[in-house]
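*Asks:* Sequence:
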Amino acid sequence: MTKTQLQDYFYNRCSPQQVKEVEQWLASIEDGDSNDVLLHELLAGIQVEKNDHLVNQAFDKFLSKVQPAGKQKPQSRSFVRKMGWLYRAAAAVLFLPILMAAIFFYLQKNQPTEWVEAYVPYGQSKMVSLPDSSKIWLNAGTKLIYPKEFNNSYRQVYVDGEAYAEITKDKSRPFVMSAGEVSVEVLGTRFNLKSYSEDSYIAVSLLEGAVRMNTTFNNETEATVLKPGESVKFSKNTGKLTLSEFLVSDESLWHSGNGFFFINEPLDEIALSLERYFNVRINIENELLKKEHYYSVFVNNESLDDILSALNASGKMKIRTNANSIYIY
1 MTKTQLQDYF
11 YNRCSPQQVK
21 EVEQWLASIE
31 DGDSNDVLLH
41 ELLAGIQVEK
51 NDHLVNQAFD
61 KFLSKVQPAG
71 KQKPQSRSFV
81 RKMGWLYRAA
91 AAVLFLPILM
101 AAIFFYLQKN
111 QPTEWVEAYV
121 PYGQSKMVSL
131 PDSSKIWLNA
141 GTKLIYPKEF
151 NNSYRQVYVD
161 GEAYAEITKD
171 KSRPFVMSAG
181 EVSVEVLGTR
191 FNLKSYSEDS
201 YIAVSLLEGA
211 VRMNTTFNNE
221 TEATVLKPGE
231 SVKFSKNTGK
241 LTLSEFLVSD
251 ESLWHSGNGF
261 FFINEPLDEI
271 ALSLERYFNV
281 RINIENELLK
291 KEHYYSVFVN
301 NESLDDILSA
311 LNASGKMKIR
321 TNANSIYIY
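Just so you know, we're using UniProt numbering here: the sequence shown kicks off at 1 and counts up by one.
These aren't lab readings, by the way, just hints derived from the structure by calculation. Any given hint could turn out to be false.
Pair by pair, the computed Cβ-Cβ distance ranges are [what the hints assert, rightly or not]:
hint : residue 1 : residue 2 : range
1    : 208       : 296       : 43 to 51 Å
2    : 168       : 243       : 35 to 43 Å
3    : 312       : 247       : 21 to 29 Å
4    : 2         : 312       : 42 to 50 Å
5    : 126       : 247       : 24 to 32 Å
6    : 115       : 313       : 19 to 27 Å
7    : 242       : 288       : 15 to 23 Å
8    : 312       : 281       : 14 to 22 Å
9    : 240       : 131       : 31 to 39 Å
10   : 322       : 124       : 17 to 25 Å
11   : 304       : 172       : 26 to 34 Å
12   : 314       : 131       : 45 to 53 Å
Dumping the calculated BS3-like pairs for lysine-lysine here, alpha-carbon to alpha-carbon at most 30 Å [as the list claims (entries may be wrong)]:
hint : residue 1 : residue 2
13   : 236       : 143
14   : 148       : 126
15   : 143       : 126
16   : 240       : 290
17   : 316       : 227
18   : 318       : 227
19   : 126       : 171
20   : 148       : 135
21   : 20        : 148
22   : 143       : 240
23   : 148       : 171
24   : 290       : 233
25   : 316       : 291
26   : 236       : 316
27   : 171       : 143
28   : 291       : 148
29   : 291       : 135
30   : 148       : 169
31   : 236       : 126
32   : 291       : 240
33   : 316       : 290
34   : 290       : 135
35   : 143       : 318
36   : 20        : 135
37   : 240       : 227
38   : 148       : 240
We put the beta carbon where it would ideally sit given N, CA and C, even for glycine.
Could you put the whole structure together from the sequences, leaning on the hints where they help?
*Replies:* Spelled out as structure tokens, the structure:
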């Protein structure tokens with residue numbers, strides 16, 4: 001368990017499965033055990049007034065949701081009574097400053113959040129309209145999970161794949177798009193997020209407005225604020241962040257079905273993008289070619305053959321096609 005996971009839970013940024021995992025972890029803690037120590041460490045440094053009535057009230061109400069009456073184990077109740085004001089303070093810090101955020105979610109909503117899942121097969125793309133009128137364009141092989149109705153604190157969605165987003169402005173409800181080790185928080189803007197589970201990186205590109213990109217690696221979180229025309233690539237393997245610039249007019253072209261935009265991308269990652277879009281299998285049998293980097297923009301509805309020919313302008317590749325498979329060596 002990490003501090004980021006706990007914060008995401010309290011701020012209603014978790015998927016249903018993540019909520020279940022955090023609540024099971026909280027309920028399993030025994031007084032003085034290793035998880036108890038870990039929780040103290042995660043909440044260390046939080047300071048509020050010890051006797052604040054709202055502190056105790058917020059914590060008790062939260063706890064009643066995590067451990068409903070009739071389902072508490074005796075040792076859990078003992079743990080609750082012994083853990084003292086530190087945990088109450090932590091609950092207050094997480095709950096009270098945002099008022100109707102997490103407390104509203106737990107206390108006011110009688111029914112669990114109903115989630116909607118949208119998936120786009122390889123070779124296709126589609127646009128999804130969200131409950132707040134925001135629009136999300138999903139690239140090939142992308143999954144989007146979002147609530148049927150947003151709550152009054154955060155607008156939270158989850159993406160596995162590539163999504164171009166035009167977010168409706170709402171200063172009272174930040175929009176959070178989570179994708180594995182990266183989350184993007186905005187109020188209203190246009191941005192592109194690429195985060196396929198099989199890729200070695202996650203990339204965020206900002207076209208308009210401002211976004212904060214939060215990345216987590218080895219249980220440490222780093223925040224990066226992007227400006228329009230900037231793209232940040234996060235390495236899943238090393239945690240390294242790479243900043244580059246691009247033409248805003250190019251980055252979102254794929255969502256209208258007529259563009260590819262590659263910034264210093266290795267051939268093996270370009271191949272994955274082409275596989276999804278054209279629904280083919282591309283095998284690169286030369287290890288050196290896999291790591292060749294390219295700067296390429298294709299905006300005229302080029303065919304797969306046209307794109308591969310352009311990438312092979314140097315003549316380094318040998319390309320062979322067999323049915324629905326392409327071999328590069």
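*Asks:* The structure should be examined with respect to each hint, and the outcome stated for every one.
*Replies:* Status of each hint after checking the structure:
no., hint, result
1, 208 x 296: 43 to 51 Å, "24 Å, violated"
2, 168 x 243: 35 to 43 Å, "27 Å, violated"
3, 312 x 247: 21 to 29 Å, "24 Å, holds"
4, 2 x 312: 42 to 50 Å, "45 Å, holds"
5, 126 x 247: 24 to 32 Å, "25 Å, holds"
6, 115 x 313: 19 to 27 Å, "46 Å, violated"
7, 242 x 288: 15 to 23 Å, "21 Å, holds"
8, 312 x 281: 14 to 22 Å, "18 Å, holds"
9, 240 x 131: 31 to 39 Å, "36 Å, holds"
10, 322 x 124: 17 to 25 Å, "24 Å, holds"
11, 304 x 172: 26 to 34 Å, "46 Å, violated"
12, 314 x 131: 45 to 53 Å, "49 Å, holds"
13, 236 x 143, "19 Å, holds"
14, 148 x 126, "18 Å, holds"
15, 143 x 126, "11 Å, holds"
16, 240 x 290, "20 Å, holds"
17, 316 x 227, "37 Å, violated"
18, 318 x 227, "40 Å, violated"
19, 126 x 171, "27 Å, holds"
20, 148 x 135, "14 Å, holds"
21, 20 x 148, "19 Å, holds"
22, 143 x 240, "25 Å, holds"
23, 148 x 171, "20 Å, holds"
24, 290 x 233, "18 Å, holds"
25, 316 x 291, "13 Å, holds"
26, 236 x 316, "29 Å, holds"
27, 171 x 143, "27 Å, holds"
28, 291 x 148, "42 Å, violated"
29, 291 x 135, "35 Å, violated"
30, 148 x 169, "19 Å, holds"
31, 236 x 126, "27 Å, holds"
32, 291 x 240, "17 Å, holds"
33, 316 x 290, "12 Å, holds"
34, 290 x 135, "35 Å, violated"
35, 143 x 318, "34 Å, violated"
36, 20 x 135, "29 Å, holds"
37, 240 x 227, "19 Å, holds"
38, 148 x 240, "35 Å, violated"
Going down the numbered hints, you'll see the structure goes against 1, 2, 6, 11, 17, 18, 28, 29, 34, 35 and 38, while the others check out.
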